[in-house]
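*Asks:* The residues making up each chain are set out below.
2 protein chains.
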Amino acid sequence: MNSHLFDRAIALDTRADGRYSGRTDPAWANMVGPFGGITAATALNALLLHPDRLGEPVALTVNFCAALNDGAFEVEAQTVRTNRSTQHWAVSIEQGGETVLSATALTAVRRDTWGAQEEPLPPVLSPAALGKPSMMAPVEWVKRYDLRFPEGAMPRVWDGTGESSRTTVWMRDEPPRPLDFPALVALCDVFYPRVWLRRATRVPAGTVSMTVYFHARATELAAVGEGWLLGQAQASAFRNGYFDQRAQVWSQAGALLATTHQVVYFKE
Amino acid sequence: MNSHLFDRAIALDTRADGRYSGRTDPAWANMVGPFGGITAATALNALLLHPDRLGEPVALTVNFCAALNDGAFEVEAQTVRTNRSTQHWAVSIEQGGETVLSATALTAVRRDTWGAQEEPLPPVLSPAALGKPSMMAPVEWVKRYDLRFPEGAMPRVWDGTGESSRTTVWMRDEPPRPLDFPALVALCDVFYPRVWLRRATRVPAGTVSMTVYFHARATELAAVGEGWLLGQAQASAFRNGYFDQRAQVWSQAGALLATTHQVVYFKE
Chain A
-12 MNSHLFDRAI
-2 ALDTRADGRY
8 SGRTDPAWAN
18 MVGPFGGITA
28 ATALNALLLH
38 PDRLGEPVAL
48 TVNFCAALND
58 GAFEVEAQTV
68 RTNRSTQHWA
78 VSIEQGGETV
88 LSATALTAVR
98 RDTWGAQEEP
108 LPPVLSPAAL
118 GKPSMMAPVE
128 WVKRYDLRFP
138 EGAMPRVWDG
148 TGESSRTTVW
158 MRDEPPRPLD
168 FPALVALCDV
178 FYPRVWLRRA
188 TRVPAGTVSM
198 TVYFHARATE
208 LAAVGEGWLL
218 GQAQASAFRN
228 GYFDQRAQVW
238 SQAGALLATT
248 HQVVYFKE
Chain B
-12 MNSHLFDRAI
-2 ALDTRADGRY
8 SGRTDPAWAN
18 MVGPFGGITA
28 ATALNALLLH
38 PDRLGEPVAL
48 TVNFCAALND
58 GAFEVEAQTV
68 RTNRSTQHWA
78 VSIEQGGETV
88 LSATALTAVR
98 RDTWGAQEEP
108 LPPVLSPAAL
118 GKPSMMAPVE
128 WVKRYDLRFP
138 EGAMPRVWDG
148 TGESSRTTVW
158 MRDEPPRPLD
168 FPALVALCDV
178 FYPRVWLRRA
188 TRVPAGTVSM
198 TVYFHARATE
208 LAAVGEGWLL
218 GQAQASAFRN
228 GYFDQRAQVW
238 SQAGALLATT
248 HQVVYFKE
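First to last, the protein sequences are chains A and B. Under this note's numbering, the first residue of the first sequence carries the number -12, and numbering increases by one thereafter. Under this note's numbering, the first residue of the second sequence carries the number -12, and numbering increases by one thereafter.
Next comes chain A alone, as it looks inside the complex (with noise of 0.2 Å):
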């Protein structure tokens, strides 16, 4: 038994081909309901203990519907169409019969082919050279993460006078822990929200939906083991309510294992 609390956060009981239910964990809490991070790996998590799964993640979306409240939820993940090599999939989080998480994710059978890769490492002091930071966790869930920031930490003044959205930074679970899909899914949404870097004015922000692309399989997540990764992340623009978010993930080794984008919602 795996007592990782990455772990004990995305279990989910079978109560039926498909059909799960999961509990959300305080040791992820956020501001309101647990981190989204959690959620979407969560998500994943459902379609990945699914019997008839075809190959490996290659795409997720996941749309925030509702903030989940404290407590038990149900998911259930169908597959849409199974093809010779590639599957689609819906998944849904309820509660109370209300969906709070809406998802789609494509599984494929990815071969050996030709590759290149046109975003390399950028090139920053190493997490040794950081050093860990004495940061106050604003939040519980931030605890469960090293994070250590070349460029772009949160602003410890907010007096308005940010400049741009880019953050880079080393991360890795506190403890470390393995490499996988749904751990991946959720180091994608660690990026606190751009808009507090840009203005250095926190405001109310939610993501409200996430898209994930592996670059990876299963096998090179593994021997990334329990190594530092490196994010970068950067909104394009900012508008009436909403921002978007990009962002890239790599091994320490230079390798980019998944691109991200999100959207949210921000206030005022």
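Check each hint, because a few of them may be wrong.
[What the hints assert, rightly or not] Just the calculated beta-carbon pair ranges, DEER-fashion:
#1 A/Gly42 x B/Asn56: 23 to 31 Å
#2 A/Ala140 x B/Lys119: 44 to 52 Å
#3 B/Ala103 x A/Glu138: 17 to 25 Å
#4 B/Ser113 x A/His(-9): 50 to 58 Å
#5 A/Leu41 x B/Asn56: 18 to 26 Å
#6 A/Glu138 x B/Trp101: 19 to 27 Å
#7 B/Val144 x A/Lys119: 48 to 56 Å
#8 B/Thr206 x A/Lys119: 45 to 53 Å
[As the list claims (entries may be wrong)] Here are the simulated EDC-like pairs of lysine to aspartate or glutamate, each with C-alpha atoms no more than 16 Å apart in a straight line:
#9 A/Lys119 x A/Asp160
#10 B/Lys119 x B/Asp99
#11 B/Lys254 x A/Asp99
#12 A/Lys254 x B/Asp99
#13 B/Lys130 x B/Glu161
Hints were generated in silico from the structure; no laboratory data involved. Ideal Cβ positions, reconstructed from N, Cα and C, are used throughout, including at glycine.
Take the given structure of chain A and dock chain B to it, following the hints.
*Replies:* Chain B alone, transformed into the frame defined by chain A:
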């Protein structure tokens, strides 16, 4: 009655609230089935026609589950969750009882807020300076657009010498048509497969999932009217049969109207 070929292609007959029938249009034919962008625009049109819709599109994710066959199809648009100012949608397109497209979307009432744009219009030659290219349209749908490439046009020689996957292209409906959300969605899929440019090699490729984030409201799109849009698209990684594409779409005046991402299957 608007007789523009774009409007003809995305037209739907309402069977009941949220249930529609449509038909592929030979004017938008791709190599197999219709251009994915017109199918994505049709999916968006289904929810735009829905009498219960709240607000305007903020995010759309479209999964291409199988190639559409030429002929009739059924579309269903359902509200998944309606909040005070946001609404989550599920849309599907079926042929012969099988799902060929599944989509999720977010619509919202967008209010005036603080705003900023971090991705400026890249400095390139104007559409007039570039002039109309004497390009042979490889497939029918390409004739529906006027596309002028400051950078990264489709290779003329397939000799394996590609170095970058970046394309920058002025684009406009042909003949011009006032911009709206469906037209913007279709334009987000105008870029030919990045793998063709990066390798200067033409291999089978097809989009499997596409996401669009809208940074403009209907009034702002209407103000662009029949003007040119500039698109820029690039891949981050090609690996094990799939690559990603990130793209931005600006008005000629420099407003970022949409950011869009897709994951694309490729062979070899």
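*Asks:* So, for every hint listed, does it hold in this structure?
*Replies:* Cross-check of the supplied hints:
no.: 1; hint: A/Gly42 x B/Asn56: 23 to 31 Å; result: holds, 25 Å
no.: 2; hint: A/Ala140 x B/Lys119: 44 to 52 Å; result: holds, 49 Å
no.: 3; hint: B/Ala103 x A/Glu138: 17 to 25 Å; result: holds, 18 Å
no.: 4; hint: B/Ser113 x A/His(-9): 50 to 58 Å; result: holds, 57 Å
no.: 5; hint: A/Leu41 x B/Asn56: 18 to 26 Å; result: holds, 23 Å
no.: 6; hint: A/Glu138 x B/Trp101: 19 to 27 Å; result: holds, 23 Å
no.: 7; hint: B/Val144 x A/Lys119: 48 to 56 Å; result: holds, 54 Å
no.: 8; hint: B/Thr206 x A/Lys119: 45 to 53 Å; result: holds, 49 Å
no.: 9; hint: A/Lys119 x A/Asp160; result: holds, 13 Å
no.: 10; hint: B/Lys119 x B/Asp99; result: violated, 38 Å
no.: 11; hint: B/Lys254 x A/Asp99; result: holds, 10 Å
no.: 12; hint: A/Lys254 x B/Asp99; result: holds, 10 Å
no.: 13; hint: B/Lys130 x B/Glu161; result: holds, 7 Å
In summary, the structure is inconsistent with hint 10 from the numbered list given earlier, while agreeing with all the others.
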